[in-house]
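Enquirer: Listed in order, the protein sequences are those of chains A and B.
This note's numbering numbers the first residue of the first sequence as 1 and each following residue consecutively.
This note's numbering numbers the first residue of the second sequence as 1 and each following residue consecutively.
Please keep in mind that the hints were generated in silico from the structure rather than gathered at the bench.
One or more of the hints may lead you astray.
Once the Cα atoms are required to be at most 35 Å apart in a straight line, the calculated DSBU-like pairs of lysine-lysine come out as [as the list claims (entries may be wrong)]: (1) B:Lys6 x A:Lys116; (2) B:Lys227 x A:Lys211; (3) A:Lys141 x B:Lys307; (4) B:Lys324 x A:Lys274; (5) B:Lys88 x A:Lys221; (6) B:Lys6 x A:Lys206; (7) A:Lys70 x B:Lys321; (8) A:Lys206 x B:Lys122; (9) B:Lys327 x A:Lys24; (10) A:Lys70 x B:Lys324; (11) B:Lys88 x A:Lys116; (12) A:Lys206 x B:Lys324; (13) B:Lys88 x A:Lys206; (14) B:Lys307 x A:Lys211; (15) A:Lys284 x B:Lys321; (16) A:Lys274 x B:Lys122; (17) A:Lys211 x B:Lys327; (18) B:Lys6 x A:Lys211; (19) A:Lys24 x B:Lys339; (20) B:Lys289 x A:Lys274; (21) A:Lys116 x B:Lys324; (22) A:Lys206 x B:Lys203; (23) B:Lys88 x B:Lys122; (24) B:Lys321 x B:Lys307; (25) A:Lys284 x B:Lys324; (26) A:Lys116 x B:Lys339; (27) A:Lys24 x B:Lys321; (28) A:Lys206 x B:Lys227; (29) B:Lys324 x B:Lys6; (30) B:Lys289 x A:Lys284; (31) B:Lys122 x B:Lys289; (32) B:Lys327 x A:Lys2.
Pulled from the structure, derived: some chain A residues nowhere near chain B, Cβ distances all over 12 Å [unchecked claim]: (33) Met1; (34) Lys2; (35) Asp30; (36) Val34; (37) Val46; (38) Glu49; (39) Leu54; (40) Glu91.
Values in this document were obtained by computation on a predicted structure and should not be read as measured data.
Idealized CB from N, CA, C, for every residue including glycine.
So the chains spell out like this:
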Amino acid sequence: MKVAYWPGCVSRGFTPELHGSMAKVAPLLDIELVALDRACCTGAGVIAEHNQELADTLNARTFALAQQVKGADLMMNICSTCQGAQTECQERLDANADYREHVNGTLAEQGLQYEKGLTNKNFLWVLVEELGLDELRSRVKRPLTDLRVGPFYGCYIVRPVDRLGIDDELPRDTYLGQVIEALGGTVIEYAGSHKCCGFPIITMNKEVSLKQAGRHLGDAKDADADCLVTPCPLCHLNLDLQQPLAERLVGRELDMPVLHLPQLVGLALGLEPKELGLQRHVVKPTSVIDWSTSIVAGV
Amino acid sequence: MAEVHKEPQEFTLRIRRYDPESGEPAYWDEHTVELEPHRSVLEGILQARARFDGSIGIRCSCRAAICGSCGVRINGQPGLACHTHLDKAVASSRDGVIEVEPMGNMPVLKDLIVDMDQVHWKKVQRVTPWLVNKQPIPEREYIVPAYNMVDVTQSMACIQCGACVSDCLSMEVDPLFIGPAALAKAYRFVGDPRDAQQFERLKDLAEDPHGIYDCTHCFKCIEACPKGVAPMNQIMRLRRMAGDVHGINDRNNGHRHEIVFAHLIRDHGLLWEAELLPRSYGGDSFFGKFHPAAGAELVSSLPAITKALVRGKVTPMGALKPHKLPKQDLGQIHSIYDKVEGREEPYELNLYVTGYDEDESGAEGMPSAETGTPGMEPEESPSR
Numbered sequence: 001m002k003v004a005y006w007p008g009c010v011s012r013g014f015t016p017e018l019h020g021s022m023a024k025v026a027p028l029l030d031i032e033l034v035a036l037d038r039a040c041c042t043g044a045g046v047i048a049e050h051n052q053e054l055a056d057t058l059n060a061r062t063f064a065l066a067q068q069v070k071g072a073d074l075m076m077n078i079c080s081t082c083q084g085a086q087t088e089c090q091e092r093l094d095a096n097a098d099y100r101e102h103v104n105g106t107l108a109e110q111g112l113q114y115e116k117g118l119t120n121k122n123f124l125w126v127l128v129e130e131l132g133l134d135e136l137r138s139r140v141k142r143p144l145t146d147l148r149v150g151p152f153y154g155c156y157i158v159r160p161v162d163r164l165g166i167d168d169e170l171p172r173d174t175y176l177g178q179v180i181e182a183l184g185g186t187v188i189e190y191a192g193s194h195k196c197c198g199f200p201i202i203t204m205n206k207e208v209s210l211k212q213a214g215r216h217l218g219d220a221k222d223a224d225a226d227c228l229v230t231p232c233p234l235c236h237l238n239l240d241l242q243q244p245l246a247e248r249l250v251g252r253e254l255d256m257p258v259l260h261l262p263q264l265v266g267l268a269l270g271l272e273p274k275e276l277g278l279q280r281h282v283v284k285p286t287s288v289i290d291w292s293t294s295i296v297a298g299v
Numbered sequence: 001m002a003e004v005h006k007e008p009q010e011f012t013l014r015i016r017r018y019d020p021e022s023g024e025p026a027y028w029d030e031h032t033v034e035l036e037p038h039r040s041v042l043e044g045i046l047q048a049r050a051r052f053d054g055s056i057g058i059r060c061s062c063r064a065a066i067c068g069s070c071g072v073r074i075n076g077q078p079g080l081a082c083h084t085h086l087d088k089a090v091a092s093s094r095d096g097v098i099e100v101e102p103m104g105n106m107p108v109l110k111d112l113i114v115d116m117d118q119v120h121w122k123k124v125q126r127v128t129p130w131l132v133n134k135q136p137i138p139e140r141e142y143i144v145p146a147y148n149m150v151d152v153t154q155s156m157a158c159i160q161c162g163a164c165v166s167d168c169l170s171m172e173v174d175p176l177f178i179g180p181a182a183l184a185k186a187y188r189f190v191g192d193p194r195d196a197q198q199f200e201r202l203k204d205l206a207e208d209p210h211g212i213y214d215c216t217h218c219f220k221c222i223e224a225c226p227k228g229v230a231p232m233n234q235i236m237r238l239r240r241m242a243g244d245v246h247g248i249n250d251r252n253n254g255h256r257h258e259i260v261f262a263h264l265i266r267d268h269g270l271l272w273e274a275e276l277l278p279r280s281y282g283g284d285s286f287f288g289k290f291h292p293a294a295g296a297e298l299v300s301s302l303p304a305i306t307k308a309l310v311r312g313k314v315t316p317m318g319a320l321k322p323h324k325l326p327k328q329d330l331g332q333i334h335s336i337y338d339k340v341e342g343r344e345e346p347y348e349l350n351l352y353v354t355g356y357d358e359d360e361s362g363a364e365g366m367p368s369a370e371t372g373t374p375g376m377e378p379e380e381s382p383s384r
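Okay, chain B solo, but in the shape it has when bound (with noise of 0.2 Å):
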């Protein structure tokens, strides 16, 4: 490739300092390396260190993006420093200096190094990550379909490097929240047909206020992991066999928003925002809302109603008449529930095994449906 015969040039890059025994604040050191510019952000840290300063505070190991060790944010976004070329990270830097930060939602050890331990370790250690055996263990190898293994594949790829947690939103305003790498790694196990405690993993997992049903489904995490995780993908799968093959009617009201969301569809096709609430919180009829729980949520929410009955944003003819499809089209709506919800199995495509079909323009690089090339993405979106 002609890139990799470019000539060496010169990269400044801005580094986040910071000593906690100093006792000095943080700051911003600035450093010009000399680099090939395929080459990556973690070399031009290292040399850095090894030209101008020897004190700069960097976890490395592989320089491969194998193990995990060198993640940073480089110009805000979460990410491996091996694994950023210094050109790619120029061209996404605000003023030509590419910006390097320790990752967030984490305590900064020095400089770029963050306590994984106090953060991310102890939440992977929250969710037993480890294989509980179904007995009796055959006396043979245990045989895993294909599909089931390719599926947890995915969250096998996770490389611990903890990007996902230094850029998790929900984690950012509640720090007990399990978070993304964590629930990934749950994942893993409960949807290894091997192992004997998926029931015992879900309702741990939707009972705990910070697990599951914590997730705000803000895609941070799917775009931060280098490896193609998509960590958020996996806790609503966790949600989807918590609440709807275990039926596990969690404390955090989260199956039952589910389940009331998808009924009030069903029954009138657009969605009833004043009944969604108190029967998510009380339960799905009719007369959810007249639980004590839901009654202690809407005293909570008084303020905001008052103020919205008072401007005019809702009227209490609005709140208290759905507004509804027309007849014919309730009755498509309905069938569309029957049919699909009456199938034995769900019937779910998971685009991580089966792949995407080959455009027919034959673009480069697309996985064929056949053998289908876990992680990729199509190189054209279907929103253009």
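For reference, chain A alone in the conformation it holds in the complex (with noise of 0.2 Å):
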């Protein structure tokens, strides 16, 4: 599968660990990464805020860019916010076709063009309905037996539903659970699984903002969780980055590692906490580590 590749900047900033273990994980599903090195941040819905219409411009150009991929089936991004920002601004781009020709107005100056109806997706989508669970399963080497993982979607990637295009046919907001099983491992139930981060508002309100982190992190505790996975960088910036700063404000030990969705996959394919970058995380996945340790020594 060729697939246009949007990997968001915070993936190549501030958790580089991301875009990293994508990359080697992809060659493992048979996913053939062409990166869009040439399309912008999709503004994860600030720039949308501030002027609407540029969010619009800016995201269309990384459609059009998508769009001249010879031969990709489809645009893949590995962030939840990416997916949100973009499908927000495809849905008006999509919806009327008069503001779609106004857009496009400004981009052929740069001999650039979108075309309505781009199929863009999550890698967790695409490991669901591209690749499918059967042939995930297929290829996992080292299954996660007895790994308790809390699933952490990202508010973007869940909600609005109908923009989404989540439904019982598309069960988008239990793929993460699905996930989950199919690589072997124990999905844990928790109030926090599909509630907010708090990232958005962490330079205005941070002690609100990581409240709400904290908050999810002790009830993925309390379930007994061993880590979380999220398809979200912006996520992984205030649960796991954060986390020695929500500790004091919710006033608990949490010490959760939270994974990255393609580490969870890469381990279970067979690559070793290290070339998933597992130690750059704030919060040491030695639960995780421990656990693989314990694995490889009984194969």
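Make the complex out of the two chains shown on their own, each in a separate frame, by following the hints.
Expert: This is the structure in structure tokens:
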């Protein structure tokens, strides 16, 4: 499968282990990544808040670049927020021909044009809908047996359901659980799995922001999770990078490792924690590394 | 319609019960009712009350999704009991039993009745929920452009049921947050050209630490609302008007964050995280990070920064040097910025007003582009 790959900004900035692990995992799943090196930030909803047309035009440019990738089956991202921000812009562009023409008018100066109907999927959706869980299962080399994993989706990839195409046929808000199971792990249900990590207001109201992260991490801990997994690097910033501060705000020790989705997949596909950049996390994923060594020893 | 003639069948309700006067903790109570599947959860609750237990507390009136009295949580999701069919509720249940609980984020008075006065109505009162007329009042009627009227109609559709308040994730940790219902109500007047206090309202809501910049953009209220008000979208509009139209440079870093973000993307194409935070506090320039407010933030973040450096997550060079797009592409980004930001009036496509283009495949129930049906969503999502 060949995809026009949008890695996002944070996956190459403050969470380099995300982009790194995706690059390692893709060949093991026969996914050919053609990186959209010329594309810019999706705006993460913030540029749309500033100037809607600007966000729509910048993303239309990315979509147009993706549509130029020869032989690509679809566009793929590895960030819930990118998925949500891009889908919001695409909804407007696809909904109204006049508006699309207006935006394309700006792009025309650069020889670019967005055609309605791009398929843009997060890696999570690609795993379930394009690769298929059976195929994924068949490639597992080191099943996540006895590893208790709590899913953490990120708002932008589960709401609003209409815009994201979530329904009975495509229950995308259950995919993380399905993937964890297909990899052989145990899915932990806890209150925070579909809630907000608080990141979007980290600069506006840090206390409220990190209390949200701390609360969900605490709920996962109470449910005996060994770790969380998220398809969103921004959630990862609040849940992992900021966890020491969140601990202070909720007044309890959390010590909850948070994995990026490609890292969890990579572990099951037989890659080593170090190759996947697990040592780079602020919260040491000791439970996961101990688990992986015990499994390797047992093979 | 065929469904109307379906035979009555059994539905089991699991109702959360609580009576503060009893001194007992809350508990679950199950009753099996018999009704046609298209009947509402509210009718189920009322039958359980009439047949089995007259003490079940539920607030209701119109039974037609107009009065907003019967807001509850059904299988964990907020909504109107009168607006949820029994068969749909069973389908969304975990174990075939319809679970009904009082709404969240508000104290429970009894069983399914929450104290709307203490939370919801107080917050609505907080936003001056009436029109302050521009003076002098015209002798004849005040003509409002159709676009503006349709636009504010979306927030006027609110029936004050509190479903969005129930599910608000910011309010869950910050009870002082003004919240989605009240802020949507605020937009109803900010967006009305007859109102004289647009600036004052926006200034007030932007400077309040629990105001428009306390919303995490989680979409919960959009999902919760049974009337398509999309409160979060109204909050984003309030932000846009406060910062970009009125230039309100709030003390919560809200507008600065937005401007710094937009400028960093213009200058680099990709986000430079290490600069976003300090500049949001200290101001939109290279020197922003030397502002005392940025310094204080830096100090408070030291535990996280130190760990990130020690683990090699962030390298000092990586933090100091931004990743950038190739020159030619940056040029293209600049020209998009110049063109779009250079417009005299920002161009905003409001899908609530315009509706969606008719799909070529001719899907039924698609609102036409010409008339537009407020609150309607396309049956086919563009992401599919």
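Enquirer: All hints are to be evaluated individually against the structure, with a verdict given for each.
Expert: Against the structure, the hints come out as follows:
1. At roughly 42 Å between alpha-carbon atoms, B:Lys6 and A:Lys116 are farther apart than 35 Å, so this suggested pair is violated.
2. Our distance criterion of 35 Å between C-alpha atoms is met by B:Lys227 and A:Lys211, whose separation comes to about 30 Å.
3. Only pairs whose Cα atoms come within 35 Å are accepted, and A:Lys141 paired with B:Lys307 is accepted, the gap being roughly 32 Å.
4. Restraint check for B:Lys324 and A:Lys274: the C-alpha separation of about 27 Å stays at or below 35 Å, so the hint holds.
5. For a cut-off of 35 Å, the pair hint linking B:Lys88 to A:Lys221 stands: about 33 Å separates their Cα positions.
6. With a C-alpha separation of about 54 Å, the suggested pair B:Lys6 and A:Lys206 falls outside the 35 Å cut-off, and the hint is violated.
7. Between the alpha carbons of A:Lys70 and B:Lys321 the distance comes to roughly 33 Å, so the proposed pair stays at or under 35 Å and holds.
8. Note on A:Lys206 and B:Lys122: the hinted pairing holds, with a Cα-Cα distance of about 25 Å set against a maximum of 35 Å.
9. Between the alpha carbons of B:Lys327 and A:Lys24 the distance comes to roughly 29 Å, so the proposed pair stays at or under 35 Å and holds.
10. Note on A:Lys70 and B:Lys324: the hinted pairing holds, with a Cα-Cα distance of about 25 Å set against a maximum of 35 Å.
11. Straight-line distance between C-alpha atoms of B:Lys88 and A:Lys116 comes to about 34 Å, which keeps the hinted pair within the 35 Å bound.
12. Distance check on the hinted pair: A:Lys206 and B:Lys324 sit about 28 Å apart at the alpha-carbon level, within 35 Å; holds.
13. Using a Cα cut-off of 35 Å, the hinted pair B:Lys88 and A:Lys206 is violated, with the two alpha carbons roughly 40 Å apart.
14. Distance restraint check for B:Lys307 and A:Lys211: the Cα-Cα separation of roughly 20 Å lies within the 35 Å cut-off, and the hinted pair is therefore satisfied.
15. Restraint check: the Cα-Cα separation between A:Lys284 and B:Lys321 comes to about 26 Å, which is no more than 35 Å; the hinted pair holds.
16. Taking the CA atoms of A:Lys274 and B:Lys122, the gap is about 53 Å. The hint is violated against a cut of 35 Å.
17. Between A:Lys211 and B:Lys327, the direct Cα distance comes to roughly 41 Å. Violation of the 35 Å bound is thereby established for this hinted pair.
18. Straight-line distance between C-alpha atoms of B:Lys6 and A:Lys211 comes to about 49 Å, which puts the hinted pair past the 35 Å bound.
19. Taken as a hint, the A:Lys24 and B:Lys339 pair is broken in the structure, with Cα atoms around 40 Å apart against an allowance of 35 Å.
20. For the hint linking B:Lys289 to A:Lys274, the alpha-carbon distance of about 34 Å falls within 35 Å, and the restraint holds.
21. Proposed proximity of A:Lys116 and B:Lys324 is supported: the alpha carbons are some 29 Å apart, at most 35 Å.
22. For the hint pairing A:Lys206 with B:Lys203, the CA-to-CA distance comes to about 21 Å; that is within 35 Å, so the pair holds.
23. Between B:Lys88 and B:Lys122 the alpha-carbon distance is near 33 Å, which keeps this suggested pair within the 35 Å criterion.
24. A hinted pair counts as satisfied when its Cα atoms are at most 35 Å apart, and B:Lys321 with B:Lys307 qualifies at roughly 20 Å.
25. As the CA atoms of A:Lys284 and B:Lys324 are separated by approximately 30 Å, the hinted pair is consistent with the 35 Å bound.
26. Proposed proximity of A:Lys116 and B:Lys339 is supported: the alpha carbons are some 22 Å apart, at most 35 Å.
27. Pair hint A:Lys24 plus B:Lys321 holds up; C-alpha atoms about 25 Å apart against a cutoff of 35 Å.
28. Between A:Lys206 and B:Lys227 the CA atoms are separated by roughly 32 Å; this keeps the pair inside 35 Å, and the hint holds.
29. Restraint check for B:Lys324 and B:Lys6: the C-alpha separation of about 63 Å exceeds 35 Å, so the hint is violated.
30. Among the hinted pairs, B:Lys289 with A:Lys284 is consistent with the structure: their alpha-carbon atoms are about 30 Å apart, no more than 35 Å.
31. A C-alpha spacing of about 39 Å is found between B:Lys122 and B:Lys289, which places the hinted pair above 35 Å, so the restraint is violated.
32. The hinted pair formed by B:Lys327 and A:Lys2 meets the criterion: a straight-line CA distance of about 27 Å does not exceed 35 Å.
33. No Cβ of chain B approaches the Cβ of A:Met1 within 12 Å, the least distance being about 18 Å, so the stated non-interface status holds.
34. At the 12 Å boundary, the C-beta of A:Lys2 stays outside the reach of chain B, the nearest C-beta of that chain being 20 Å off.
35. Remark: the non-interface label on A:Asp30 is consistent with the geometry, its nearest Cβ contact in chain B lying 24 Å away (cut-off 12 Å).
36. Taking the minimum C-beta to C-beta distance to chain B, about 16 Å, the non-interface status of A:Val34 holds against the 12 Å cut.
37. At roughly 4 Å, the least C-beta separation between A:Val46 and chain B is not larger than 12 Å, which violates its mark as non-interface.
38. The beta carbon of A:Glu49 sits about 5 Å from the closest Cβ of chain B, which is not more than 12 Å, so the claim that it is off the interface is violated.
39. Not every CB of chain B lies more than 12 Å from the CB of A:Leu54, the least distance being 5 Å, so the non-interface label is violated.
40. Listed as outside the interface, A:Glu91 is inconsistent with that label: its C-beta sits roughly 5 Å from the nearest C-beta of chain B, within the 12 Å cut-off.
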